[in-house]
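**Q** Listed below are the residues making up each chain.
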Amino acid sequence: MNPDIRNDATALKGRSGQMDIDRIKADFPILKQPVNGHRLVYLDNAATSQKPKQVIDAIVKYYNESNANIHRGLHTLAEKATSAYENVRVHAARFIGGVDNSEVIFTSGTTESINTIARTWGEKNIRSGDEIVITEMEHHANLVPWLVLSQNTGATLRRISLTPDGQLDLTNINDIITARTRLVAVAHMSNVLGTINPVADIAELAHRRGAIVLVDGAQAAPHMPVDIKQTGADFYAFSAHKMLGPTGVGVLWGRKTLLEDIPPFTTGGEMIREVRFDRVTWNDVPHKFEAGTPNIAGVIAFDRALSYLEELGMENIRSHEIELSGYAINRLLELDGIEIQGPLDPHLRGGAISFTDAKIHPHDISTFLDSRGIAIRAGHHCAQPLMRTMGKVATARASLYIYNDRMDIDALIDALKETRRYFGV
Amino acid sequence: MTNSLDELYREIILDHYRSPRGKKPVDKVDIASDGQNPSCGDEIAVQVTMDDGTVKDVHVDCKGCAISIASGSMLAEYTKGKSLGEVKQLADTVKKMLKGEGDEIPPELEDLDALKGVRKFPVRIKCALLAWMTLVEGLKNYENGKTGQTPLVSTEDES
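In order, the protein sequence lines correspond to chains F and X. Counting from 1, one number per residue, gives the positions in the first sequence under the numbering used here. Counting from 1001, one number per residue, gives the positions in the second sequence under the numbering used here.
Next comes chain X alone, as it looks inside the complex (with noise of 0.2 Å):
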């Protein structure tokens, strides 16, 4: 059957969802955000271990729906190895992915296309959202040479 639902909730979303990457505590957290959509009550925390300028170790969790947890835990596999510059843009391209202004997903991240399905959903944009921009604030925070935990982050004014 293929209908909307199952665009959706693709099968990559759903073994995103079933067994979501980065569960994970990291060693060492360099960068520490947290997330709340409070109208839809989901809540995340993310936490990043840097070395060198690069993303070394990854950590979500995610108390939320289907769409929240599998963008989590997709954040968690892509940005594994990036470059605080490279996880900046991967992050912008999502945003304008999931909110119809370009469709660029390179080849290599084929998984985080399956997130496309959201957009007829216009009400779960923004739990598509809430793990990446969650992580921008963690990563505008580090590189401002600030500690400790950001401001809740929330991307209910996105959608």
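Excised from the complex, chain F in its bound form (with noise of 0.2 Å):
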């Protein structure tokens, strides 16, 4: 191997640029529990990531001090609950760059998000005939509900391919997007591939065909700084649990006029103005999309997820998972046999790290790697076509996220070579 990234890496152990990786690691408590009896590596974060202790007393601390149902009691304990879920809604607000607070819709992830949308605005927008733009990098959750919706309306689902290492291939992409496009749905950022998309351009492109624009930020979001207005999205999906948050909570954010236009996904208590036998009349934006009572203990937490993350700057968090992902896409390369799936520049890419073994089934260099306490995910990740595409079956994925460092990716390397000999080939 290269003796300058050994040295580099013990020289950088515990700290990445401004973060205090060997601090972050100490707020995570599962992190300090042993695995199969090894020193627990969890590089499944794209999956979802851990919590700090802070987001889970803010659960503990919600249900001891503060549950109630929100927006309809008089009472005490209901003022505290709902002041401290709209107060995030706020904080979720200024964290994607500062949007109307009314333009953040709080649902159980990105999967809801996205099918919100289809359900909502697709059913009223997409006639026989219309077009919807996805990529092959999709994720299912942005895949199906537009082949779903295609389907039922008579529209075509239309696709904008990729090169070979992985980017978005936009030579053709005037006749991709045209005219007859309605809408186009891309991901901020691959969790395959890990490429981040120049949505912006997309975006921009769109726009002047008329269509509007969705973008699954669901890997982008705990990754990099995200502002809302410069992606050119008109709705943008993302949830809390990648990004040190509770499951069961996402955000959708969608442009006001766009919100206000369309009708709602679910029905039932919160998002009505108004109930008779005959009619009914719809609560304004946001509450017309919150129906039923939401996951509050989880939103609360959620909070304290964002306000982790900024204390840490996203801009850092960037920077760290840059150095960190060329770290481990060099220790990677200089395996024999190992292909990685997508841009190699970290500068293109987020964390997440797909990879294969020439010889080695991505089941069995999981089971391996579990046994050695390293956690990743193998298999299809969710993005069936794409594997098809690329040609494969499933892929092994390494995805990074605040409290890894290199010594967390040199156990993976050595693992790795561990895994051959196991396996005699």
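Treat the hints loosely; a few may be bogus.
[What the hints assert, rightly or not] Only pairs whose alpha carbons sit at most 25 Å apart, straight line, appear in this in silico PhoX-like list of lysine-lysine:
#	chain 1	residue 1	chain 2	residue 2
1	F	K359	F	K417
2	F	K359	X	K1024
3	F	K359	X	K1063
4	F	K392	X	K1063
[Claimed, not checked] Computed footprint of chain X on chain F, listed as stretches where at least three residues anywhere in the stretch have a Cβ under 8 Å from a Cβ of chain X:
#	stretch
5	110-123
6	364-373
7	411-424
[Claimed, not checked] Under 10 Å between C-beta atoms, here's a sample of chain F residues computed to sit facing chain X:
#	residue
8	P34
9	N36
10	L40
11	P294
12	H361
13	H380
Keep in mind that the hints were calculated from the coordinates and are not lab data. Using N, Cα and C, we set each Cβ at its ideal position, and we do this for glycine too.
Mind docking these for me? Both chains are given alone in their own frames, and the hints should help you get the complex.
**A** Right, dumping it as structure tokens:
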């Protein structure tokens, strides 16, 4: 191996740019437990992140001190819970670049956020003969809702293909996004390839053609500064659980004019203004889209996750992941027979690094790594069409976050070498 | 070192994985059945030559993990020379063993016993089952006098 890399790794242990990784690790209780007799090396962050004690404590504190249903009760606890919940909306609006608070809708996650738009805006606006454009790298969450919508309406689903190194191939983009295009749905960052897509350029073209743009930000929002206005998106979706927050909480941001124009997705309590036995009027946005009792504890704890990320600084997080992804990619490429899917330049990508071993199935790699305390993901990563495009049945994926350091990558590389020896290939 | 990893990947399994039996294509295809587990990406093709009601030759082509390859290799080794009824019985025994519904593996088939370690890894049971269920589907087709490919078999609902 390259001796410079090793020296550098020792020098940087525990620190990465502005971030003190050892201190960050100490905030995550789960990272202290051994797994299968080894130090836990958690590299499955694209699936879900771990939670710092601040977030876990916030959940406990809410149930201990302010549990009540929101927006209804007139008692002290109800007011406390409502005000805490609504403050998170303000916080989330600020986190994504300072949007109007009423444009922030809490959902159960990215999947529900995207389905909400497909089932409301989509069913209202998409007709037979229209075209919906997606990309070949979409997660099923930003693919299946559009496939179903196109099947139900007679619209055509078109797609932007990929370059060999896993970036969007925009050479014939003018033939794909046309006057027939009604909506373009694109991932800000790929969960398989790590690729960061030029969403602003795509949105600019889509808007010129009269189409609207939905951006799946599930992988981008946790890992890089996101200013929604700069993305050009009309709708933007992301999940709390991939960014230190609880599961079951997500955000759907939408332009107010669009949100006001579309019908609600789920109907019932909270989302109404007035109900009679023969008619109903809807509440204002965002409440029109938040039927029933939401995940109040989750939303309130998400506030702490956002604060944690802000205290570190999203720019610093991005720098850390560029540095660590670059290191991980270089070290993976030292191994014979390992192929990395997606761009190799860490400036073009995030820290979700998919790879295949010419001789060992990703599931065998994952099972072996688990026996060494290393958690990665193996499989199709909810992107079966992408796997087919790449000619793979599955990949192994190591994905990084704020608490990972070069020691974690070194542990991964050592265990991958051991995997080869174990299977005798 | 003995741990659950070594129970899953027993030496017998690794041996079948490294040099799978049944690699050679059969001369005459009487039974052909394909299986696929989309969530793993495992794909298998099983082809059988029959002779007077017994399995004369078996070809297994498996692209998958060590467990699915080893299980397919054992299938190729242990079904040869058996009658249709015996093969079905054996597939049923393997299925029961993998699902923890019975341990009775005949002593002369000790390699199959090595698949028991899979039971501690519930998500991998479907890998060990794929070859067997794919063959069973082919047998059903053959018994019903149908020719040609069977519908694609999957074992993803099995575990």
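**Q** K359/F and K417/F: Cα distance at most 25 Å?
**A** 12 Å, holds
**Q** Can you take a look at whether the stretch 364-373 of chain F is actually covered by chain X? Rule is 3+ residues, C-beta closer than 8 Å.
**A** holds (count 4)
**Q** Taking the closest Cβ pair, is H380/F under 10 Å from chain X?
**A** Hint holds; H380/F Cβ to chain X Cβ min 6 Å, cut 10 Å.
**Q** Minimum Cβ distance from N36/F to chain X below 10 Å?
**A** At about 7 Å, which falls below the 10 Å cut-off, the nearest Cβ of chain X leaves the hint on N36/F intact, so it holds.
**Q** For the restraint on L40/F, tell me whether the closest CB of chain X is nearer than 10 Å.
**A** Status violated, d = 16 Å.
**Q** Against chain X, with CB atoms and a cut of 10 Å, does the hint on H361/F hold up?
**A** Interface hint status for H361/F: holds (4 Å vs cutoff 10 Å).
**Q** Between K359/F and K1063/X, is the straight-line Cα distance small enough, at 25 Å or below?
**A** 11 Å, holds
**Q** Three residues or more, CB to CB closer than 8 Å: is that satisfied between the stretch 411-424 of chain F and chain X?
**A** holds (count 3)
**Q** Does P34/F pass the interface check with chain X, least Cβ-Cβ distance below 10 Å?
**A** 13 Å, violated
**Q** Between K392/F and K1063/X, is the straight-line Cα distance small enough, at 25 Å or below?
**A** Roughly 11 Å separates the two Cα atoms, so the pair holds.
**Q** Would the stated hint for P294/F survive a check requiring a Cβ distance to chain X of less than 10 Å?
**A** With a minimum Cβ separation of about 31 Å from chain X (threshold 10 Å), the hint on P294/F is violated.
**Q** Has the stretch 110-123 of chain F got at least three residues whose CB is nearer than 8 Å to a CB belonging to chain X?
**A** With 0 residues close enough to chain X, the hint is violated.
Violated hints for the displayed structure, listed by number in ascending order: 5, 8, 10, 11.
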